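Residue numbers (the numbering used here), protein chains in the order written: chain A, 139 to 448; chain B, 1403 to 1651.
Errors might be hidden in some of the hints.
What the hints assert, rightly or not - DSS-like cross-link-like pairs, simulated, lysine-lysine; straight-line CA separation at most 25 Å:
hint: 1; chain 1: A; residue 1: Lys280; chain 2: B; residue 2: Lys1549
hint: 2; chain 1: B; residue 1: Lys1422; chain 2: B; residue 2: Lys1468
hint: 3; chain 1: B; residue 1: Lys1649; chain 2: A; residue 2: Lys313
hint: 4; chain 1: B; residue 1: Lys1422; chain 2: A; residue 2: Lys275
hint: 5; chain 1: A; residue 1: Lys412; chain 2: B; residue 2: Lys1452
hint: 6; chain 1: B; residue 1: Lys1501; chain 2: A; residue 2: Lys313
hint: 7; chain 1: A; residue 1: Lys280; chain 2: B; residue 2: Lys1649
hint: 8; chain 1: A; residue 1: Lys275; chain 2: B; residue 2: Lys1629
hint: 9; chain 1: B; residue 1: Lys1649; chain 2: A; residue 2: Lys447
hint: 10; chain 1: B; residue 1: Lys1422; chain 2: B; residue 2: Lys1621
hint: 11; chain 1: B; residue 1: Lys1616; chain 2: A; residue 2: Lys275
hint: 12; chain 1: B; residue 1: Lys1649; chain 2: A; residue 2: Lys358
hint: 13; chain 1: B; residue 1: Lys1468; chain 2: B; residue 2: Lys1616
hint: 14; chain 1: B; residue 1: Lys1621; chain 2: A; residue 2: Lys164
hint: 15; chain 1: B; residue 1: Lys1549; chain 2: A; residue 2: Lys313
hint: 16; chain 1: A; residue 1: Lys275; chain 2: B; residue 2: Lys1621
No lab work stands behind these hints, which were simulated from the structure alone.
Predicted, not measured: the structure shown is a model, and the values here were computed from it.
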Amino acid sequence: MAILVYAEHDNASLKKATLNTIAAAKQIGDDIHVLVAGSGAQAVADEAAKAEGVTKVLLADNAVYEHQLAGNVALLVADVAGDYSHILAAATTTGKNFMPRVAALLDVSMLSEISGVVDAQTFERPIYAGNATATVKTSEDKVVLTVRTTAFDPVASEGGSATVETIDNVQETGKASFVNEEMAKSDRPELTSAGIVVSGGRALANGENFTKYIEPLADKLGAAVGASRAAVDAGYVPNDMQVGQTGKIVAPQLYIAAGISGAIQHLAGMKDSKVIVAINNDPEAPIASVADYFLEADLFEALPELTSKV
Amino acid sequence: MKALVAVKRVIDYNVKVRVKADNSGVDLSNTKMSINPFDEIAVEEAVRLKEAGVIDEIIVASIGPKESQEQIRAALALGADRGILVVSDEKPYPLQVAKILKNIAETESTDIILLGKQAIDDDNNQTGQMLAALMGIGQGTFASEVKVEGDKVNVTREIDGGLQTVALDLPAVITTDLRLNEPRYAKLPNIMKAKKKPLDEKTPADFGVDMASKQEIIKVVPPAERKAGITVGSVDELVDKLRNEAKVI
């Protein structure tokens, strides 16, 4: 049977997380269909059809799917699920929101945030904030999964030539409605897909210092800006910048942690980064135990110097 | 209105986790256990709704080993009214827990059902969503603000890239994110009073739920160790290493 991948998008373009999810699906089987649920999302479907390895795209285009409310999307996915052995979505806030609903509607258990595929029924996933990795075997007929995107290299966005099939499936629970959305504005690369991330912690002392010390370095490197929970809770930066177990999971080529002590909950969000640099005035800080390069220095001196020299 | 809050007994978040030598799981013997931090936030929100006059009664439910009554008592000390402990020696998986909670929520006709967004042991982030699906009601996951208005509740949710507000018909399921509130500490007199509050003990069989899951944990291993790093003496050395050794800039 074929595998269904739920497309992550904003009604205008396909998010890269979908390409990572398709990569995970390819390790399970070959016949991969992508479901695009949205409103005015034809361009997204066309984009998904070009992704490597995709054999068919299903487009459910209706106003009820515009904000991808969990209830409506889950009914849709459960309704088309009959044809599929596996159903995958990226472990983003969208995927985490509706996929457990799909599993419950199908009366099957679910595996969250898989980080590895052993075989079609067996998967690896981090537990205890990434302090252990469990190998889990499922004997469900339908395998419902969310995928930790940073654990799978994305498939190519070009080269595929899948057909796009429109389905006029309209599902609405009538129990929930969209009120509004407030998106944080940023011209920098998206945190979860950036090649380089520069993060600041409590030691930055205020929001102005993020602008003055962290952002210039990030801009010079073409990096995304992240933060520790302490910096978010103190109100220095908005919470969608938080890296950690309760924020975003990142795995860039280079992660620069400035003024971050390295609590377990923060490490869970970044310790799979390829190269980790820590700048801290405390050599005993836990971040030193995962850093490839540790610079013991005052960040208010080290960051401007680093910015001028890279 | 009545609220149901689900709490889970988990390893304390400050404890450094050790994987057992035979790779069968994580060593929980003699480790400090607590209420899952997200569930504590759920209890706090229910108590605040009660203090605001929105909620009249708070029921706390936990599904797990007998010792989970400690966590229910802790929630009662924070302001919940009574507890339901569903004793299960089998590992509770989200689908089975959701089925039991559905039973409780429907029997007790609760209007607001609060859960943490995820338990910090299994990191699943599934139970609340599954419960909402089984009950066929709305859900507000990753809540950072909850406002009850008449027979609806407005939930502001933390999503990738910002915040989203949804309006839900009651009854509804809400799962808490970290920034929803800051849980209070239990005061000693309240801890004493909590010992006298009612706590019903049940079994999964009372709800007709079989705890067996079609998932089996084959093994648990520690994460791959990172190779030891080096300390650099200056920014120049750091830039040189990043350029020529790690080749990442």
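Verification of the hints:
| no. | hint | verdict |
| --- | --- | --- |
| 1 | A:Lys280 <-> B:Lys1549 | violated (37 Å) |
| 2 | B:Lys1422 <-> B:Lys1468 | holds (23 Å) |
| 3 | B:Lys1649 <-> A:Lys313 | violated (53 Å) |
| 4 | B:Lys1422 <-> A:Lys275 | holds (19 Å) |
| 5 | A:Lys412 <-> B:Lys1452 | violated (48 Å) |
| 6 | B:Lys1501 <-> A:Lys313 | holds (20 Å) |
| 7 | A:Lys280 <-> B:Lys1649 | violated (43 Å) |
| 8 | A:Lys275 <-> B:Lys1629 | violated (30 Å) |
| 9 | B:Lys1649 <-> A:Lys447 | holds (15 Å) |
| 10 | B:Lys1422 <-> B:Lys1621 | holds (10 Å) |
| 11 | B:Lys1616 <-> A:Lys275 | holds (8 Å) |
| 12 | B:Lys1649 <-> A:Lys358 | holds (16 Å) |
| 13 | B:Lys1468 <-> B:Lys1616 | holds (24 Å) |
| 14 | B:Lys1621 <-> A:Lys164 | holds (24 Å) |
| 15 | B:Lys1549 <-> A:Lys313 | holds (16 Å) |
| 16 | A:Lys275 <-> B:Lys1621 | holds (10 Å) |
In summary, the numbered hints that this structure violates are 1, 3, 5, 7 and 8.
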